[in-house]
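Undergrad: What follows is each chain in one-letter form.
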Amino acid sequence: MDGYLSKPIQADALLSTINNYTQTVNQLNCQNPEDELVDVDGLMARVQGDSKLLADIIRLFIEESPKILKEMREALTSSDMSALSRAAHRMKGSAGNLSSKACYDAALRLESVAKINNLDSSKEAYQVLEAVTERLMQRLACLITEKAA
Amino acid sequence: MKILIAEDDPISRKLLETVLIKWGYEVVVAQTGNEAWEILKQDNTPRLAILDWMMPGMDGVQICESVRMQGTEPYIYIMLLTAKSHKQDLVYGMSCGADDYITKPFNAGELKARLNAGIRILSLQSELFSIREALRKQASHDMLTGVPNRLLFSDRLTQSLACAKRDGSKLAIMFLDLDGFKLINDTLGHDVGDVLLKKVADKLTATVRESDTVARMGGDEFTIILPDIEGPLDAIMAAQKVLQSVSQPVIINGRELFVTASIGISQYPSDGIDAETLVKNADSAMYRAKEQGRNALQLYTESFSAVAVERVTMESNLHKALEREEFIVYYQPRVDLRTGDIRGAEALVRWRHPELGIVSPAEFIPLAEETGLLAQISGWVLKSACAQNKAWQDVGFPAISVGVNISGSEFQPGDLVGSVKRTLAETGLDPSYLDLELTESTLMLNPDHAVRVLRDLKNLGVRVSLDDFGTGYSSLSHLKKFPIDAVKIDQSFIKDITTDRDDAAIAGAIVAMAHSLKLKVVAEGVETFEQLEFLQSLNCDEMQGYFITRPVPASDFEHILKSARLLFGIRPCYAA
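Chains as they are written, first to last, in our numbering: chain S, 731 to 879; chain V, -12 to 563.
In short, the hints are calculated from the structure, not lab data.
Ideal Cβ placement from N, Cα and C applies to all residues, glycine included.
Please note: incorrect hints may appear among the correct ones.
One-sided excerpt, in silico: chain V residues whose CB lies under 7 Å from chain S [as the list claims (entries may be wrong)]:
hint, residue
1, Asp(-4)
2, Pro(-3)
3, Arg0
4, Lys1
5, Ala491
6, Gly495
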């Protein structure tokens, strides 16, 4: 949900809400196309505007994610689908916490195909997830400096 | 407010921890489910917990189930943290004991709102908890003094006994009763009495070990359980400390009050192995301590219970004895020391108990007096003796007087004179053949009243003798005022009269004094011929005792009446 209106609807409120929304959309698209990867506002709300906390969880993500990806590769090699599904579940949680819908969706897809023991689809889903995660890590690293300023 | 977070994912953990600290919570962190369960089992656990559903080892739902199974008091409010969004899963989680849930990734506003809802519920829970605790305390504790009541005491004793049985250890019970508490209540009021009880309870609690239980049984009775003692010495020392502490004066409303206690002690296993017996025995030991002069302690011994059992049995039997006509009157002759003639007979009551046989009055009269049966028994004796004497006269035996003992409690205004008068009228006995025997101490209780009653009795025409003379305390001036006919020298002076010069001198003085007041003198408890001769030499008038015969039933007495003089060899002595 991007905005709300209380009933009875008043014309002024309606107009100003629509204006805010269109502005936000323009900012997202024009200034920082990478932000479809991260919902920065949602993330900032989750950390309560605390840039130190933001930096902390991003560092944790950058530390943890390569480990999880490594676990996934090992699980694929040994066809351990339940280990793969558990790792995907964890990645999904982390991505959710960092407000990355793209990464969350990729992890969710991997978790789902791993659960139904589909190895080929799992391999594909892993490739997608790995690519998204790497882009996400880079984007998050930039975000630390942006928000610290 | 303390809050527990159980979360294996480091990012979620970090987020939650930081946000919650920012909101002012004191955060306890567990990285696994097992770690969280260990924390929740402790006494001082956080009462608010956020548990991740999916954790390796014990998961959030299992922890919920364990917490609810344990029924932790006070209540722990649990929120499940879940990435799942299927409704069915949430229903399952909450049916396992979760109070609420929050989905990951969490929204800060929602988390805050849900936590606040939880805190509201917790504060209601804690209010409920304290009300329940207060009720529980009320049911198990004495409201006045705050110490455990009889109910909790029983519980604790049963528990302590189970432990003692298991460990092979000993324990003791003290039964404590304040001395003269009723007097304090009656004279200073119940408010003062209540404060005193409270102070005594405080003293007891402060005096004993922390592991001992002090309880109030009701009234001014307290009990103390002393678990795990080495032997009787430990119990005695503890009881001495208690007596010492209780006897220290207490100040109530600026008034210094002195109170003492009596303590009975029973021990496990020597005096009993169950709670009921131990309490009963400590109680009977306490009564013994009271009898021994108060402010005392007494260990239980088995003979107390034998006495107590006998007493209860006797009491119930005594009630039935009158209806079943188990009482009988025995007669002991009173003989003229100069002629050997039988002058009278003392009527003595006996109880022919269906199992115990003949019970002597020394055993049942005190009990009859306490239970209020004495008046009925005495009335029956008086009537039997008068009727018997009249019957003997009617069949032609020489007329003698019959002596009947009157106890102190019967010597009340109005009662005695009226009942004697009625009895004489009913039996038709001439009053001059009834001899009422009263002790010095009975008369001396209220000498002025005694003079009036004795005068009324004399006006009826009956004889009055002063019984057990010499053992009590009466002055000559009183003796002179009492309108009596005879004194009976107590047998304790007769026993050694031939060997003890003091006894001989006293007996001689009594005879001389009585004669100077124109009173007859009867010697009691004469057992030997030497005693008889000595009394004759003192010029004593009459005697009774085993030398002639012990008290006998009426039928045997008739034989004595028939052949009296020849039996005793008194006349030959005088004839010489």
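Undergrad: If a hint holds in the structure, say so; if it doesn't, say that too.
TA: Okay, the hints, checked on the actual structure:
1. Given the 7 Å rule on beta carbons, the hint for V:Asp(-4) holds: about 5 Å separates it from the nearest Cβ of chain S.
2. About 5 Å separates the beta-carbon of V:Pro(-3) from the nearest beta-carbon of chain S, less than 7 Å, and the hint is met.
3. Hint status for V:Arg0: violated, given a least beta-carbon distance of 9 Å to chain S, over 7 Å.
4. Proximity of V:Lys1 to chain S holds as hinted, the smallest CB-CB distance being about 6 Å (cut-off 7 Å).
5. The criterion of a C-beta within 7 Å of any C-beta in chain S is not met by V:Ala491, whose closest approach is roughly 116 Å, and the hint is violated.
6. At its closest, the beta carbon of V:Gly495 sits 118 Å from a beta carbon of chain S; the interface hint therefore is violated under the 7 Å criterion.
The structure shown violates the earlier hints numbered 3, 5 and 6.
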